[in-house]
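Chains A and B, in that order, are what the protein sequence lines are. The numbering of the first sequence is my numbering, which starts it at -4 and goes up by one. The numbering of the second sequence is my numbering, which starts it at 93 and goes up by one.
If you're looking for bench data, these hints aren't it; they were derived computationally from the structure. Do not rely on the hints blindly, as some may be mistaken.
Said to hold, decoys possible - Here are some chain B residues pointing at chain A (derived, C-beta under 10 Å):
{"id": "1", "residue": "Leu152"}
{"id": "2", "residue": "Leu218"}
{"id": "3", "residue": "Thr220"}
{"id": "4", "residue": "Tyr222"}
{"id": "5", "residue": "Ile307"}
{"id": "6", "residue": "Leu350"}
{"id": "7", "residue": "Phe379"}
{"id": "8", "residue": "Val392"}
{"id": "9", "residue": "Ala404"}
{"id": "10", "residue": "Ser454"}
{"id": "11", "residue": "Asn463"}
{"id": "12", "residue": "Ile527"}
{"id": "13", "residue": "Phe531"}
{"id": "14", "residue": "Gly532"}
{"id": "15", "residue": "Pro534"}
{"id": "16", "residue": "Phe641"}
Claimed, not checked - In silico DSBU-like links for lysine-lysine, alpha-carbon gap of 35 Å or less:
{"id": "17", "chain 1": "B", "residue 1": "Lys257", "chain 2": "A", "residue 2": "Lys0"}
{"id": "18", "chain 1": "A", "residue 1": "Lys3", "chain 2": "B", "residue 2": "Lys416"}
{"id": "19", "chain 1": "B", "residue 1": "Lys261", "chain 2": "B", "residue 2": "Lys109"}
Glycine included, C-beta positions come from ideal geometry on N, C-alpha and C.
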Amino acid sequence: MHIHKLEKIWLVFGIGMLGVFLLILGISTFSYGLEPPSAHQAVNMENLYDTPPFDELGLNKLNDKEYEAILTAYVFGFNTGDEEFTVPVGSTVHFKATSPDVVHGFEIPGTNANMMVVPGIINHVTYTFDEPGEYLILCNEYCGVGHEIMQTTITVK
Amino acid sequence: MNTVQQSEQAFDKKDSKLVISHIIFAFVALLIGGIAGLLQGLVRSDMIQLPAGIGYYQLLTAHGVLMALIFTTFFIIGFLFSGMSKTLGGKLLPRARTLGWLGFIHMGFGTLVATVMILLNKATVLYTFYAPMQASPFFYFALVFVVVGTWMSAAGMIYQYRYWKKEHKGETTPLTAYMSIITMSLWVIATLGVAVEVIFQLIPWSLGWVEGINIMLSRTLFWYFGHPLVYFWLLPAYICWYVMIPKIIGGKIFSDALARLSFILFLLFSIPVGFHHQLMEPGISPFWKFLQVVLTFLVVIPSLMTAFSLFASFEIYGRSKGAKGLFGWFKYLPWKDIRFFAPFMGMLIFIPAGAGGLINASNQMNAVVHNTLFVTGHFHLTVATSVTLTFFGITYWLIPAMTGRKLTPKMHKLGRMQTWVWVAGMAMMSGAMHIVGLFGSPRRTAYSDYNGHPDAAAWEPYYIIMAVGGTVLFIAVLMMIYNLYKLFTLPKGYEEYPIGEVSDLAEKPPKLFERWGFWVSIVVILILMAYTIPVIDILNNPSGGSKGFVTW
Ligand code: HEM
Ligand SMILES: [Cu+2]
Ligand SMILES: [Cu+2]
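Please construct the entire structure, taking both the sequences and the accompanying hints into account.
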């Protein structure tokens, strides 16, 4: 099959760029740990609130400035335990979430924290809060008639 | 001489009836979907509240189903049947036409039932119907009717093709028919996934025959279908760009063989890639996500080929008319011809649209835009502009060609105005969606000020632009419906069904391009490679199935 000379140049250049681009994506994914949220741990939906870690919702301090935040997304809210999250500036927070009912989303606008919250599986996302403020946490997957009111906050100070 | 040639080329009456029925159905869906879209824009900006207990998500379900599934599919099947009839023997075989009508009836019935269930608020699950939200079983049965109907039409087209092949041993299939067969093969292979989801998971579960549903499996089956769906919309537009546009401008097809190769590559690389819609989900390993991301990006190759060949045929034509300089050919294009102008605007908008798609699919970068209005802005450029404007452009010659009428200068003008209004409305709406999406505003969400949170307050100006753009866009929908009506009242005459000729220098495509067994096997191998291990993983999820929820 004959390919025009200019088209050859165009394709070689294009495919070359594509190769470089995919290489960068791959390296940053696997060598720099920038994997998309892909946790694998199953959890039983039926008695979710008796099953660790969801029997104790809320923040756990792991280290200096490192926290684990256990929460559920349900119709129509986020269950963060007794109070909304508060952490000091510079904290790294590992969010662990699941759902007792339908599929939800977990998103903190203005950050890269974004994940799907699927019943029956735990998902994780980690974010380091370098700026103080009251961050909005919202549901970004349609989950029913009250979807737009699902929200909570994490305060960084 | 001229009259003989014209009557020879006039379209078979029975075939045009089949084609026109599909096109009209598609435009009715566009109108109803457009009303829903208009209201969505107004609700999201808090300009109106919906009366009479209609829910925002009910509208959104109707909009998604009628636009993404019904408008597109009906238009595509009608258009492809017309091309099969035109290029494979001048008319459809009785059996092919019967299959087409059976398909039309099944799809139409399914659409009506689904719409009624949505209006009754029994299926407010959006057009992706994610489990464990559980719609009425009637909604799922309706979807089966739509899909099975498309299979009947596909069977009709394949029947016509095989008959032609038998009668024309050793000849190369006309490009239009070849591309149509690839498009329908892609569709059939893709819909197998959603058919398995609906028939073996959703229906038994919604009828109460089984208690639990494997949520991740249902999502994976859906997206196995959901990505090739977008190529099913795009490939018919590419048929217009590759085959019809060169003829309309008076030029030649740049390379027949490369056009076929690019369609084969689309077939190969548009199916084993559904995980790029599930990048933010648990239960799928980063390795398999990344593998499918790489496969996703391989469609860049046929896209580059398409872009090259389109602009090459423009340039060759312009130069043949005496164009000078690097871009001098540009002004020789027939800008006043709506058959060219509307699809050309579609092509132009495909450049930013495609760039947005690369961002969406970029593995970790997806976290910035996933489920935000950026994505909604993106596909209003791809399907709702590039594809839709191309379909409009096709309509302007297809209806006259089917009904024995002739386009008038006034009709061209109405078409150009309609196109401009669409582009202007979309630039506003989609532009605002892209920007506010980058700020984090979620898609598929009714108006909310999030308890007065300042982030949400900053989104409001963009919502206003979205609403204004949506209103302009709705006016463009009305203009198109008016134009469609006008097309049926054009003066009697003859309008060409434009089928491009291959440039003299191009050679015959290799025989291998029509060895379907070979290509389908490669598709199957790629699918098995990309999906086997992650699906086994999903099937082994020990958490058990989920019961159904009605949360609306
Ligand atoms: C009058 C023209 C249109 C207007 C005003 C409009 C408006 C909208 C709006 C505001 C949304 C998003 C709502 C949300 O996420 O909360 C939306 C979603 C959508 N639109 Fe359109 N649109 C129009 C035409 C089209 C066309 C022509 C198509 C496709 C051919 C289309 C396909 C879709 C799809 C697939 C969705 C996503 C539905 C979902 O998320 O479930 N739209 N539209
Ligand atoms: Cu939600
Ligand atoms: Cu996709």
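**Message:** Output the indices of the hints that this structure fails to meet, ascending.
**Reply:** 12
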